[in-house]
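Visitor: So you can see what is in the structure, the chains are spelled out below.
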Amino acid sequence: MEVKDIVDINTIRTDMKAKSKEEALKELAEVLLQNEYITDIEVFLKDIYEREAMGETGIGNFIAIPHGNSESVEKIGVAIGITQDEIPWETLDDNGVKGIILFAVGKENDGAQTHLKLLSLFARRLGNDEVIENLLQSKDAAGVKEALCS
Amino acid sequence: MKIVGVAACTVGIAHTYIAQEKLENAGKKAGYEITVETQGTIGTENELTQEQIAEADIVIIAADVKIAGRERFEGKRIIEVPTDVAVKSPNKLIAKAAEVIVQPR
Numbered sequence: 001m002e003v004k005d006i007v008d009i010n011t012i013r014t015d016m017k018a019k020s021k022e023e024a025l026k027e028l029a030e031v032l033l034q035n036e037y038i039t040d041i042e043v044f045l046k047d048i049y050e051r052e053a054m055g056e057t058g059i060g061n062f063i064a065i066p067h068g069n070s071e072s073v074e075k076i077g078v079a080i081g082i083t084q085d086e087i088p089w090e091t092l093d094d095n096g097v098k099g100i101i102l103f104a105v106g107k108e109n110d111g112a113q114t115h116l117k118l119l120s121l122f123a124r125r126l127g128n129d130e131v132i133e134n135l136l137q138s139k140d141a142a143g144v145k146e147a148l149c150s
Numbered sequence: 001m002k003i004v005g006v007a008a009c010t011v012g013i014a015h016t017y018i019a020q021e022k023l024e025n026a027g028k029k030a031g032y033e034i035t036v037e038t039q040g041t042i043g044t045e046n047e048l049t050q051e052q053i054a055e056a057d058i059v060i061i062a063a064d065v066k067i068a069g070r071e072r073f074e075g076k077r078i079i080e081v082p083t084d085v086a087v088k089s090p091n092k093l094i095a096k097a098a099e100v101i102v103q104p105r
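Taken in sequence, the protein lines are chains A and B.
Numbering-wise, UniProt numbering puts 21 at position 21 of the first sequence, and it's gapless, one number per residue.
Numbering-wise, UniProt numbering puts 97 at position 97 of the second sequence, and it's gapless, one number per residue.
Treat the hints loosely; a few may be bogus.
Said to hold, decoys possible - Below, in silico cross-link-like pairs of lysine-lysine (DSS-like), each with a Cα-Cα straight-line distance of 25 Å or less: (1) B/Lys66 <-> B/Lys29; (2) B/Lys66 <-> A/Lys117; (3) A/Lys75 <-> A/Lys107; (4) A/Lys17 <-> A/Lys145; (5) B/Lys66 <-> A/Lys107; (6) A/Lys117 <-> B/Lys96.
Derived by calculation from the structure, the hints in this document are not laboratory data.
With the sequences and hints as input, model every part of the structure.
Guide: Written as structure tokens, this is what we have:
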């Protein structure tokens, strides 16, 4: 398995409507629910906000990586949203964000080593400036996947 | 200069690995040898070897939690920062490491 196996084209949105962090998290959580990654939006978001309260998830370069462990997660994955306008977010460089990568990881991860490993490789790619530049310029889901996985 | 590092964040899903990538890229860009071990949800990966640690001029610990195996670095010069610093300013952190190793102990 490779990183591309964890990036699901069905959970990528390049036409995000959200104008705020709250709207963005809700919009992407709904995408995760529709695609059966999570079973309960409210439980999931509560766990995501728990991590948000601990410190910035905006890593700079217009990217935010909200995440957390939640019992509502059925399968490990990510939802990716790209916005045209900056959304206000707590970030390390005090800019807003245009790319939001919402991680879904369960509380118990027995038997999920392969997926966790893929997720760690995926996260690592988010530390690469070139990858991020390509990601933010992507116009559609296929472009996003290509930027993150090539 | 040879650098070894350890990255470990609170949840162990994201920042750990982003910090690893940023530090390794910044170190290589500056012309140094660098290896960063990650301690995350999945466990320890890219584990530093005794040889790498022995040869390292400096240790960079980018962590928000207590790391495992800290005693491996006893007697070495250590820079310790939260993962955020490695994610936000990796180049500055590497430059700082280069400054530290020329200072008298």
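Visitor: Now tell me, hint by hint, if it's right for this structure.
Guide: Now the hints, each set against the structure:
no.	hint	verdict
1	B/Lys66 <-> B/Lys29	29 Å, violated
2	B/Lys66 <-> A/Lys117	22 Å, holds
3	A/Lys75 <-> A/Lys107	11 Å, holds
4	A/Lys17 <-> A/Lys145	20 Å, holds
5	B/Lys66 <-> A/Lys107	21 Å, holds
6	A/Lys117 <-> B/Lys96	31 Å, violated
Violated hints, in rising order: 1 and 6; the structure is consistent with all others.
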